[in-house]
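Novice: Residue numbers (the working numbering), protein chains in the order written: chain F, 1 to 312; chain L, 1001 to 1440.
A portion of the hints provided could be inaccurate.
These stretches of chain F come out as covered by chain L in the derived footprint (C-beta under 8 Å, 3 or more residues) [to be verified]:
1) 56-63
2) 210-222
3) 231-238
4) 254-263
5) 268-278
From chain F, some residues computed to sit far from chain L (all C-beta separations above 12 Å) [said to hold, decoys possible]:
6) P78
7) T169
8) A205
9) F243
Hints are computed from structural coordinates only; laboratory data are not their basis.
Ideal placement from N, C-alpha and C gives every residue a C-beta, glycine not left out.
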Amino acid sequence: MSTLSEAASASAQDEPAPGRAWRPPSYWPFVLPALVVVLAIIIFPWLFTIWMSLNEWKVGSPITFVGFSNYLRMPTDPRFIEAVGHTLLYTVLSVLLPLIFGTFAAVVFHARFPFRGVLRAIFIMPMMATPVAIALVWTMMFHPQLGVLNYLLSLFGLPPQLWVFHPATVIPSLVLVETWQWTPLVMLIVLGGIAAIPTEPYESAQIDGAGMWQMFRFITLPLIMPFIFIAAMIRSIDAIKSFDIIFAITQGGPGSASETINLYLYSVAFVYYDLGYGSAIAVIFFALIVAMAALLLYVRKRTLWTEIGSGA
Amino acid sequence: MNNHHISRRAMLAGSAAAGALALTGTPARSEVQWKKYAGTKLEVILAKGPRGDNLQKYIKEFTQLSGIEVESEQIPEQQQRQKVVIELASGKPSFDVIHLSYHVQKRQFEKAGWLADMSGYLKDPNLTPPDLVESDFSSAGLQYARNDKGQMLSLPWSVDYFILYYNKELFARKGVEVPKTLDEMVMAADKLTDPKEGIAGFVGRGLRNANMAMWSNFYLNYGGEFLDGKGNILTDGPEAVEATKLYQHLLTKCAPPGVAGFNWMESMASFTQGRSAMWVDADGWAPPLEDPAASRIVGKVGYTVVPAGPKGQFSSTYGDGIGIAAACPNKEAAYLLCQWVASRKQGERLLQAGGGVPFRNSILNDPEVRQGVKTKEWLQSVVDSAKISKLGLPVVIPVAEFRDIVGAALTATLSGADPATELKKAHEQFRPILERSEKA
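Just chain F, with the same shape it has in the complex:
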């Protein structure tokens, strides 16, 4: 912050005095590289995407300006509407489940027990693996005839499942992979929160006769809420734009039962080569992500968790 305010005061000194010619502020050569980079890799592609979305832009065919007709196509495109539903379901599930399991795991790993360090290290391993490698391993495990998951079910006398090979179970099965991979991240964030809680509230609660659940519910949980919130935000943004795991395991199938907006947009742009419509979907998708992030920030501002968190 200090550099910014210094810069601001420097610019104030550069204000042209009456009667003297205006000179550019002395810091501009330092800003220029960043400005060029931002313009070239963020602003320009963005404006260009919007431009493409206003054209009928099919690879190998001439480009024609069509105004908003690509946007008007979306509400009448059943595959797009389905994709929005799949995206929301997938996102909600793959945010909630890692949050619940991750918080639970953090509480467990906060307690002292033998080999805690080793077990913690093992627990966070899924997070380190490459998504595509994970996806390939899980694809084999999901195989209804040859996969290990159905074998495990059979040990408990449960009937075999179709996992990612049936439209009704495909999204929950994919969420299972996502949960398995990202619970450790939530655990790490929340564990940091728990470690920062002072011990005094617990001592006085014990004196007052509070049980384990009550201490968790009324002391731990409120104090770690800001951390859970941060984890929720990171997970939401990750989950809504998830691509690799879904693409590598199901490619959006069976049929289009696990096709999220991201996968559909990829198909439209790079399999059907319809760059105009693909860009329009990208614009809407981006607006959706921004709206979600804004909502989360708003909720975060409205609560007092921030202060509790910073106090802890």
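With chain F's structure known, arrange chain L on it following the hints.
Specialist: Here is chain L on its own, set in the frame of chain F:
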């Protein structure tokens, strides 16, 4: 893009030789001038698979023969198709020679004018050996390689026929005969299915898009055609409904659980583990089926043509070609490479390795070449399929959309949806897309 420079020495040598020829007045000799472009560099973009392997394995021979340096890159099929299209559309591709999938890209490439015309080169004895003539390619190959004006825009390289693989041991155990018609195939599949043993009578592609390749074989045998005379799509007619009912029956009553998500890979896994008795797919899978390290059914696999339907017997046909980018600055050098790729020697090698079937009849019909093929029954099924070959997908630009939309309808029937309703819906969805693409 690499420098396509011709070294000064090569240039001098070439022009000196040409001058000498002119002086002595020797008539143009009908032999390929392999060294004419020595020193040139070419870039080739390949789809990953046995065809690309076959090229890369022997490319040194071509360089020795011609003095042309070749850089090649193999990329998984789906990504390769995308990369090729995007680079060609940019007008400055990083490659000169392209491995293309006819069944997906033919119309798109022709319409965009991305490929160089080879017709002239093919007739030039300085560039083409006498045994390489258009008439040697099978009719499907020519249909793929020629545009509406009859120009050859690529050389047909390798063809895929759909065949029926079956497990002889499971057939013998249940006393089932090899089916000759689709009806018999259904009966056989019903009889062979044994849920208690975990045996499925039939396995095949259920996955959206991929499933079209197999379904189309049923469709063709029911007398289906993809387009009418005016270029309208026809996949909602009675033939399509009948073919889809057959597809639905086989994949819901006789197939392994989860088949709606199966592509060829999952189907092959089930078949090689001896868990499925029949499998209809492309002809390229003999090597893994007969590989003891990958298969439990080595020596037990039967190969035959896809059974006949009520309106005929066809083998759904797909294929790959090799072409020159229109933007390539060294087209004749690139052509030398293409004709080497489609040469007899390379075709023999491809066939004998079981990695693909050349489009050239002279290779397929040569008894000596046949002698070198390990699995004779497989070869016979391929030779028989070649006689009943028919293109397995409509030749239109939005092939990918077609496969996705109709393919999704097929997958939906596997969860119990009605074939006629789903096909009608898919038809309504696809028709405007086709109209728009053909108009543009």
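Novice: Looking at the structure, which of the earlier hints fail to hold?
Specialist: 2, 3, 6 and 7
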